[in-house]
Amino acid sequence: MDKSLSSRRILVVEDEMLNLAMLEDILTEAGCESVAAAATIDQAIDLIDERVFDAALLDIKLRGKHGYAVADALAARGVPFVFVTGNSVRDIEDGYRDRPVLRKPFKQEKLINALTGLLPPRQTGDNQ
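Each number in the working numbering corresponds to the 1-based position in the sequence shown with 5 added.
Hints were generated in silico from the structure; no laboratory data involved. Beta carbons are placed, not taken as given, at the ideal position from N, Cα and C, and that holds for glycine. Any given hint might turn out to be false.
Said to hold, decoys possible - Derived lysine-lysine pairs resembling BS3-like cross-links, with alpha carbons at most 27 Å apart:
(1) K112 x K66
(2) K109 x K70
(3) K70 x K8
(4) K70 x K115
(5) K8 x K112
(6) K66 x K115
Unchecked claim - Cβ-Cβ distance ranges computed for the label pairs, FRET-style:
(7) S12 x Q113: 16 to 22 Å
(8) V106 x G69: 18 to 24 Å
(9) A74 x E114: 27 to 33 Å
(10) P105 x A81: 27 to 33 Å
(11) E38 x K115: 19 to 25 Å
(12) P110 x T33: 17 to 23 Å
(13) S11 x H71: 18 to 24 Å
(14) A74 x K8: 19 to 25 Å
(15) D99 x M27: 29 to 35 Å
(16) K70 x N118: 17 to 23 Å
(17) G36 x K112: 15 to 21 Å
(18) A81 x T45: 14 to 20 Å
(19) P110 x D47: 17 to 23 Å
Taking the hints into account, I'd like the entire structure generated from these sequences.
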(Lines of atoms letter the chains of each structure in order from A and count residues from 1; the text may use other names and numbers.)
(Lines give C-alpha, C1' and ligand atoms only; values in the text may rest on other atoms or scores of the structure.)
Protein backbone atom coordinates (compact mmCIF):
# COMPACT_ATOMS: atom_id res chain seq x y z
CA MET A 1 0.00 0.00 0.00
CA ASP A 2 1.01 3.57 -0.68
CA LYS A 3 2.51 5.24 2.40
CA SER A 4 1.79 8.77 1.17
CA LEU A 5 0.20 9.67 4.51
CA SER A 6 3.24 8.59 6.45
CA SER A 7 3.51 10.31 9.84
CA ARG A 8 0.28 12.28 9.36
CA ARG A 9 -2.28 12.84 12.12
CA ILE A 10 -5.81 12.50 10.83
CA LEU A 11 -9.16 13.09 12.51
CA VAL A 12 -12.05 10.97 11.26
CA VAL A 13 -15.53 12.20 12.15
CA GLU A 14 -17.99 9.45 11.25
CA ASP A 15 -21.01 8.11 13.13
CA GLU A 16 -21.35 4.75 11.35
CA MET A 17 -19.04 2.34 13.13
CA LEU A 18 -18.40 0.07 10.12
CA ASN A 19 -17.41 3.07 8.00
CA LEU A 20 -15.27 4.38 10.82
CA ALA A 21 -13.42 1.08 11.20
CA MET A 22 -12.84 0.90 7.44
CA LEU A 23 -11.49 4.46 7.34
CA GLU A 24 -9.19 3.82 10.29
CA ASP A 25 -7.81 0.70 8.58
CA ILE A 26 -7.19 2.49 5.29
CA LEU A 27 -5.46 5.42 6.98
CA THR A 28 -3.32 3.19 9.19
CA GLU A 29 -2.24 1.16 6.15
CA ALA A 30 -1.40 4.42 4.38
CA GLY A 31 1.12 5.16 7.13
CA CYS A 32 -0.72 7.64 9.34
CA GLU A 33 1.04 8.29 12.63
CA SER A 34 -2.31 8.56 14.37
CA VAL A 35 -5.97 8.31 13.49
CA ALA A 36 -8.37 9.83 16.00
CA ALA A 37 -12.06 9.06 15.72
CA ALA A 38 -15.19 10.91 16.77
CA ALA A 39 -18.80 9.84 16.26
CA THR A 40 -20.50 13.03 17.46
CA ILE A 41 -20.11 16.76 16.99
CA ASP A 42 -19.15 17.24 20.65
CA GLN A 43 -16.54 14.47 20.55
CA ALA A 44 -15.03 15.95 17.40
CA ILE A 45 -14.82 19.46 18.82
CA ASP A 46 -13.25 18.15 22.04
CA LEU A 47 -10.58 16.34 20.01
CA ILE A 48 -9.92 19.43 17.89
CA ASP A 49 -9.46 21.46 21.08
CA GLU A 50 -7.10 18.87 22.61
CA ARG A 51 -4.93 17.73 19.70
CA VAL A 52 -3.16 18.86 16.56
CA PHE A 53 -4.25 17.32 13.26
CA ASP A 54 -2.79 17.53 9.79
CA ALA A 55 -6.17 16.92 8.13
CA ALA A 56 -9.63 15.52 8.74
CA LEU A 57 -12.41 13.52 7.14
CA LEU A 58 -15.81 14.84 8.12
CA ASP A 59 -19.12 13.12 7.51
CA ILE A 60 -21.63 15.89 6.87
CA LYS A 61 -24.43 14.29 8.89
CA LEU A 62 -23.67 12.98 12.36
CA ARG A 63 -26.53 11.27 14.14
CA GLY A 64 -29.02 13.31 12.14
CA LYS A 65 -27.30 16.67 12.69
CA HIS A 66 -25.18 18.63 10.25
CA GLY A 67 -21.50 18.69 11.20
CA TYR A 68 -20.86 22.27 10.14
CA ALA A 69 -19.81 23.23 13.69
CA VAL A 70 -16.98 20.72 13.31
CA ALA A 71 -16.10 22.18 9.91
CA ASP A 72 -15.96 25.62 11.49
CA ALA A 73 -13.72 24.41 14.33
CA LEU A 74 -11.34 22.76 11.87
CA ALA A 75 -11.25 25.85 9.64
CA ALA A 76 -10.60 28.11 12.64
CA ARG A 77 -7.49 26.06 13.42
CA GLY A 78 -6.34 25.88 9.81
CA VAL A 79 -6.92 22.13 9.54
CA PRO A 80 -7.80 21.13 5.98
CA PHE A 81 -10.65 18.65 5.64
CA VAL A 82 -12.69 16.65 3.19
CA PHE A 83 -16.44 16.27 3.56
CA VAL A 84 -17.53 12.65 3.23
CA THR A 85 -21.16 12.06 2.31
CA GLY A 86 -23.58 9.66 0.75
CA ASN A 87 -25.84 12.58 -0.13
CA SER A 88 -25.72 14.86 -3.13
CA VAL A 89 -23.04 17.53 -3.20
CA ARG A 90 -25.90 19.99 -3.75
CA ASP A 91 -27.05 19.27 -0.20
CA ILE A 92 -23.99 21.04 1.21
CA GLU A 93 -24.90 24.46 2.57
CA ASP A 94 -23.64 27.69 1.05
CA GLY A 95 -20.38 28.75 2.63
CA TYR A 96 -19.08 25.16 2.66
CA ARG A 97 -19.34 24.25 -1.00
CA ASP A 98 -15.74 25.24 -1.69
CA ARG A 99 -14.50 22.31 0.40
CA PRO A 100 -13.50 19.03 -1.23
CA VAL A 101 -16.13 16.29 -1.13
CA LEU A 102 -15.71 12.53 -1.24
CA ARG A 103 -18.94 10.74 -2.13
CA LYS A 104 -19.76 7.41 -0.50
CA PRO A 105 -19.12 4.75 -1.57
CA PHE A 106 -15.59 5.52 -2.68
CA LYS A 107 -12.44 3.64 -3.56
CA GLN A 108 -9.52 3.61 -1.20
CA GLU A 109 -7.32 5.42 -3.74
CA LYS A 110 -9.79 8.31 -3.96
CA LEU A 111 -9.67 8.73 -0.18
CA ILE A 112 -5.86 8.76 -0.12
CA ASN A 113 -5.73 11.15 -3.08
CA ALA A 114 -8.27 13.49 -1.48
CA LEU A 115 -6.21 13.74 1.71
CA THR A 116 -2.80 13.98 0.07
CA GLY A 117 -4.19 16.72 -2.17
CA LEU A 118 -4.88 18.81 0.93
CA LEU A 119 -1.46 18.39 2.49
CA PRO A 120 1.90 19.88 1.63
CA PRO A 121 4.58 17.27 1.05
CA ARG A 122 6.58 16.30 4.12
CA GLN A 123 10.09 17.66 4.22
CA THR A 124 12.90 15.23 4.84
CA GLY A 125 13.60 15.20 8.54
CA ASP A 126 10.13 16.45 9.55
CA ASN A 127 9.18 14.99 12.89
CA GLN A 128 5.82 16.68 13.31
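Hint-by-hint comparison with the structure:
{"no.": "1", "hint": "K112 x K66", "in the structure": "holds, 20 Å"}
{"no.": "2", "hint": "K109 x K70", "in the structure": "holds, 18 Å"}
{"no.": "3", "hint": "K70 x K8", "in the structure": "violated, 34 Å"}
{"no.": "4", "hint": "K70 x K115", "in the structure": "holds, 26 Å"}
{"no.": "5", "hint": "K8 x K112", "in the structure": "holds, 16 Å"}
{"no.": "6", "hint": "K66 x K115", "in the structure": "holds, 20 Å"}
{"no.": "7", "hint": "S12 x Q113: 16 to 22 Å", "in the structure": "holds, 19 Å"}
{"no.": "8", "hint": "V106 x G69: 18 to 24 Å", "in the structure": "holds, 20 Å"}
{"no.": "9", "hint": "A74 x E114: 27 to 33 Å", "in the structure": "holds, 30 Å"}
{"no.": "10", "hint": "P105 x A81: 27 to 33 Å", "in the structure": "violated, 18 Å"}
{"no.": "11", "hint": "E38 x K115: 19 to 25 Å", "in the structure": "holds, 22 Å"}
{"no.": "12", "hint": "P110 x T33: 17 to 23 Å", "in the structure": "holds, 20 Å"}
{"no.": "13", "hint": "S11 x H71: 18 to 24 Å", "in the structure": "violated, 33 Å"}
{"no.": "14", "hint": "A74 x K8: 19 to 25 Å", "in the structure": "violated, 33 Å"}
{"no.": "15", "hint": "D99 x M27: 29 to 35 Å", "in the structure": "holds, 31 Å"}
{"no.": "16", "hint": "K70 x N118: 17 to 23 Å", "in the structure": "violated, 29 Å"}
{"no.": "17", "hint": "G36 x K112: 15 to 21 Å", "in the structure": "holds, 18 Å"}
{"no.": "18", "hint": "A81 x T45: 14 to 20 Å", "in the structure": "holds, 19 Å"}
{"no.": "19", "hint": "P110 x D47: 17 to 23 Å", "in the structure": "violated, 27 Å"}
When the structure is compared with the earlier hints, violations turn up for hints 3, 10, 13, 14, 16, 19 and for no others.
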